[in-house]
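Chains as they are written, first to last, in the working numbering: chain A, 13 to 290; chain B, 2 to 299; chain C, 910 to 1358.
By construction, these hints were calculated from the structure, which means they are not laboratory data.
Remember, predicted model here, so these are calculated numbers, not experimental data.
Accuracy of the hints is not assured; some may be wrong.
[As the list claims (entries may be wrong)] Chain A is faced by these chain C residues, among others (derived, beta-carbon under 7 Å):
(1) ASP973
(2) SER1003
(3) SER1004
(4) THR1012
(5) GLY1116
(6) ASP1120
(7) ARG1185
[What the hints assert, rightly or not] Pairs of lysine-lysine residues, derived as DSSO-like cross-links and limited to a Cα-Cα distance of at most 27 Å, are as follows:
(8) A:LYS120 / B:LYS203
(9) A:LYS233 / C:LYS1252
(10) B:LYS295 / A:LYS277
(11) B:LYS295 / A:LYS117
(12) C:LYS1211 / A:LYS54
(13) C:LYS1112 / A:LYS54
(14) C:LYS1112 / C:LYS1086
(15) A:LYS147 / C:LYS1252
(16) A:LYS277 / A:LYS206
(17) A:LYS233 / C:LYS988
(18) C:LYS1211 / C:LYS1121
(19) A:LYS147 / B:LYS51
(20) C:LYS1247 / A:LYS233
(21) C:LYS1309 / A:LYS54
(22) A:LYS120 / A:LYS233
(23) C:LYS1252 / B:LYS146
(24) C:LYS1086 / C:LYS1121
(25) C:LYS988 / C:LYS1156
(26) B:LYS51 / C:LYS1247
(27) A:LYS120 / B:LYS146
(28) A:LYS147 / A:LYS233
(29) A:LYS147 / A:LYS91
(30) A:LYS206 / B:LYS295
(31) C:LYS1086 / A:LYS54
[To be verified] Some, not all, of what chain A presents toward chain C, calculated at C-beta under 7 Å:
(32) LYS54
(33) PHE142
(34) THR247
(35) GLN249
We treat Cβ as the ideally placed atom computed from N, Cα and C, and that holds for glycine.
Each chain, letter by letter, is given below.
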Amino acid sequence: MVGEKKRSPAANIVLYCILALIVIITLIPFVWMLSASLKANKDVFNFPFVLVPDQPRWENYSEIWSRIPLGTFLLNTLKLSVIVSILQVLTSSFAAYAFAKLEFKGRKALFLGYIATIAVPWQAYMVPQFIMMSKMGLNNTHMAIICLQAFSAFGVFMMRQFYLSIPHELSEAARIDGLSEYGIWFRIMLPNSKPAVTTLIIFTFVNTWNDFLGPMIYLTKTELKTIQIGLRMFTTQYTSDYALIMAASVVALIPVLIIFLSLQKQFVKGVVTSGIKG
Amino acid sequence: MNKKAGAPKNLIAYSFILPNFLGFAVFTLVPMVFSLVLSLAEWKGVGAVKFVGLENFTRLFADEAFMRALVNTVVYTALTVPLTIVAALALAVLLNSEIRGRNFFRTVSFFPYVASLVAVAIVWRFLFSPAVGPVNMILSNLLGKASTDMPAWTSATGPAMFFVVFFSVWKNMGYYMVIYLAGLQGVNADLYEAAALDGANKWRQFRHVTLPQIAPTTFFVLMMLVISSFKVYDIFLNLFAGGDNQLSNATRVIVYQIYNTAFRGLDYGYASAMSIVLFVIVLGVTLIQFRGEKKYSH
Amino acid sequence: MKKVIALVTVLLLSLAVFAGCANNQSSAPAESQEPAAAPAESENPPAEEEAEAEPVTLKWSIWDLDQTAYYQAIIDGYKEVAPNVTIETVDLGSSDYMNMLQTQLAGGADFDVVTIKDIPGYANLVATDQLEPLDDFIAAEGIDTGLYGGTTEQVTVEGQLYQLPFRSDFWVVFYNKDIFDEMGVDYPTNDMTMAEYDALARKLVHGEGNDKVYGAHYHTWRSAVQLFGILDGQHTVLDGGSYEWLKPYYEMVLNEQEDGVVMDYATAVSTSSHYRDLFYNSKIAMMNMGTWQIGSQIMAVKNGETDVANWGIVKYPHPEGIEAGTTLGTITGLAVSKNAPNKDAGLKFVEWVCGTEGAKVVASTGTIPAIHTADVMSVISGTDGFPADDNSKAALETAKVYLEMPLHPQAGEIEVVLNEEHTEIMNGSKSIDDGLAAMQRRIDEILGN
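In isolation and in its complexed conformation, chain A is listed as follows:
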């Protein structure tokens, strides 16, 4: 708290100008998206460009629910995203603790191996994986997506990096106090890594929400499909209904933003610094 000098008025102006610029750059495409979502399809790319159509087609927003089972898709995607996020965070932070704080045989090699697998593009092993999952009876199940997404090397990698920045002394002190490793993980690491956990939840949620190729291959039954597949259903063999694509994308944005808004309060300074002074 102490020591934050007040900014000069000039610096303030510059600061807010930069921020305004950032907002413009990030939001302009969304403004276009909104504008397109209210037009008739043939007018989306018509020139001259109009920002607000004379007769905004609000029906687009009701059409997307009837043209494709968007409600079902939303629920499916929500279900998958939540389950995968929880599983990911649990297993990843669990494993990351070992990599960050415990000394054991093969630690470096195993970790390197983990990271190395992130380097292999999914397109490369997608088909053998599908054949294997089919033989396991997992084709056309949500379980398949969960199994594919919930155990990733990425989560382990990220949590490990954050755990590295938690001071050794904390866990040492706890060990001396007789806490088991599992206890340390639960009582010390997890609570002290709220920003990291939050980040992982956000990312996993968004990734699963936006995942296309997985659901495309594994979920061919309409009642199982997810939003991203739904979006592509507006692109047919000969044409694309761009207005509806935009409207559906706007709708699909909302739940994720809600999650982000509610979670990002965790990014607050001072969470970790307790107990270190001295």
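Start from chain A and add chains B and C according to the hints.
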């Protein structure tokens, strides 16, 4: 008094890793290993697997399409990684300080990452379209030239690489900003106080306190950026491909070659050989960065 | 050392497992399906040894279920013929449909009937032994493949036929009569040479900026430009060797682009400018496009999506000396999966859909079936909304239809090259000569010439 014997310690460590590793090994690792081994064979996706030794690899080096894809991907990575890091870090530092409406700005920065790629790609293609796109309209007004003289951003002859790099940075900076934000929370505030007392201004505080403290985060961001840039596919496909999902020479990337070779060409073995090359390159870069991390964080 | 051995063992084991698994053509354990509906008893099964009165569910892979008019019509029509059969459709989406189908079949999906979307994908399915050869069935049932206008001959693989067409489309020229009237130009005829077509487009272009109206439009597919070249029947795109024969057509189109007569390729791609929308908004006077657009155009006028109600079609332009009515076309066919659980029922379904009865049902939805007999075609031209003028009716008669992509085991690979070089030429990255030379070089390499 609390020195445990080596073996139980290892076991405890393994028990932590087991849940994640088990799921990972069964569902991902096995098919991955299989596909990598496929690089020594010929396979059509069904039917018999025929071993051909290193034939796929010798084919690769004479394959001009693959070589071009390799070059494109390297250039793309070399441009995207530093730009994204700078943008993400700047945003994170900016949005970590006391600003009114901080939550709003953070959320806004995250928008691009969250939005569906299909939709934003359509938008960007339009915005940057050579003749009728707003960007070129504005540029031509500013520079006083005809709009037809403006760069053809989305065409392969033009500065397509800059276009896609710009797009990638825009789309992903929010993601890495969030990672940096989380990392910044871990920096002890007292360190800043001490530095301020020593007379360091904001910039020196940043260089000598912030940067070193978030080194593990930077390492992570760097790694993930490099890997995902090498693996890029969807972005190129959505920005440049026509209805037939095909990319031209100048905008072809490695994973695109892999996908096309496997699915359209029914040549899984050859595609796997490409994956191996990609894998080896990324592994090499990873190892280099690992060395860097060791030197830097201790 | 132990680690190395362990690692190698794991590798070899996993490979063995997969080689073994991949060899098996056993179908995957079936996920719990929707229970087959038990329909009312039927009394009309034809003379077949199998108990056809038993309820059967056929699984049919398709794309764009809700956006396509004929699927439901076919399902309803077949229900009357074979009430014990329930059709369960699986919509794999249209982008990348053949890749998805290939993957699903590799994973052991239990489709009975599969729709074939394009020839390269078809070639791949045949090459991986996923389709049931139909020749014996055709002979036994006495199916007359002559009805399909020579297209089935173009899709046999080593003498065997694996699909029957139920739908066909060919290319015509759509034109906006109002724009012609406005410019005082005579309507196009059913006998235009390429030069006449080009000249016509140049007469029609007018306007600047937002008011610009183009004389013609070439969609971004390579078929819109490249395939003028196959109309003289001298070449196919899969021949290899020199592709110089494409040059005059690329020159014509690129000149039109340069002179602003048509929209340039880069803009068309980047604005996702769809030919449909341009035509609906009266931004183009003519466009060369497939007959699938007929149904869409009729619908669009009906539901007010466009006010271009005054439109017509004429036959495709042709090179000098070639009969008018020669055009390019595609077929969409049905095939039966080699591992179909209900193969016989599947075959019967395919026979009906691809026969004259099915053709009439398809025609009733405004789509052109694969059988072009006069009474079938008059269903199309008699549709409410089809242009009333005689030229448009006559445009539906074809002289010879060349398949856009002939069958070839390496069709998929070659198509990749054709598409890539087409893009390079159209957006100016390569000169026409360089692009065609690259085509020759790369395709010859694939063909092993």
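Right, here's what the structure says about each hint:
1. ASP973: holds, 4 Å
2. SER1003: holds, 4 Å
3. SER1004: holds, 6 Å
4. THR1012: holds, 6 Å
5. GLY1116: Since the shortest Cβ distance to chain A is 11 Å, the answer is violated.
6. ASP1120: violated, 9 Å
7. ARG1185: Given a least distance of 6 Å, the restraint on C:ARG1185 holds.
8. A:LYS120 / B:LYS203: violated, 37 Å
9. A:LYS233 / C:LYS1252: OK: A:LYS233 and C:LYS1252 at ~22 Å, within 27 Å.
10. B:LYS295 / A:LYS277: The given pair, whose Cα atoms are some 33 Å apart, is violated under the 27 Å limit.
11. B:LYS295 / A:LYS117: Roughly 18 Å between the alpha carbons, so the hint for B:LYS295 and A:LYS117 holds.
12. C:LYS1211 / A:LYS54: Status holds; Cα separation ~15 Å.
13. C:LYS1112 / A:LYS54: holds, 26 Å
14. C:LYS1112 / C:LYS1086: holds, 14 Å
15. A:LYS147 / C:LYS1252: holds, 22 Å
16. A:LYS277 / A:LYS206: holds, 10 Å
17. A:LYS233 / C:LYS988: Holds, at about 22 Å.
18. C:LYS1211 / C:LYS1121: Roughly 26 Å separates the two Cα atoms, so the pair holds.
19. A:LYS147 / B:LYS51: holds, 22 Å
20. C:LYS1247 / A:LYS233: holds, 22 Å
21. C:LYS1309 / A:LYS54: Cα-Cα ~34 Å, so violated.
22. A:LYS120 / A:LYS233: Between A:LYS120 and A:LYS233 the Cα gap is close to 43 Å, so the pair fails against 27 Å, i.e. violated.
23. C:LYS1252 / B:LYS146: Distance of about 66 Å is beyond 27 Å: violated.
24. C:LYS1086 / C:LYS1121: Within the cut-off at roughly 17 Å; holds.
25. C:LYS988 / C:LYS1156: violated, 51 Å
26. B:LYS51 / C:LYS1247: Between B:LYS51 and C:LYS1247 the Cα gap is close to 23 Å, so the pair holds against 27 Å.
27. A:LYS120 / B:LYS146: Distance of about 58 Å is beyond 27 Å: violated.
28. A:LYS147 / A:LYS233: Holds. A:LYS147 to A:LYS233 sits at ~18 Å (cutoff 27 Å).
29. A:LYS147 / A:LYS91: holds, 24 Å
30. A:LYS206 / B:LYS295: With Cα atoms ~26 Å apart, A:LYS206 and B:LYS295 stay inside 27 Å; holds.
31. C:LYS1086 / A:LYS54: holds, 20 Å
32. LYS54: holds, 4 Å
33. PHE142: Check passed: Cβ of A:PHE142 comes within 5 Å of chain C, closer than 7 Å.
34. THR247: holds, 6 Å
35. GLN249: holds, 4 Å
In this structure, the earlier hints numbered 5, 6, 8, 10, 21, 22, 23, 25 and 27 are contradicted, and the remaining ones agree with it.
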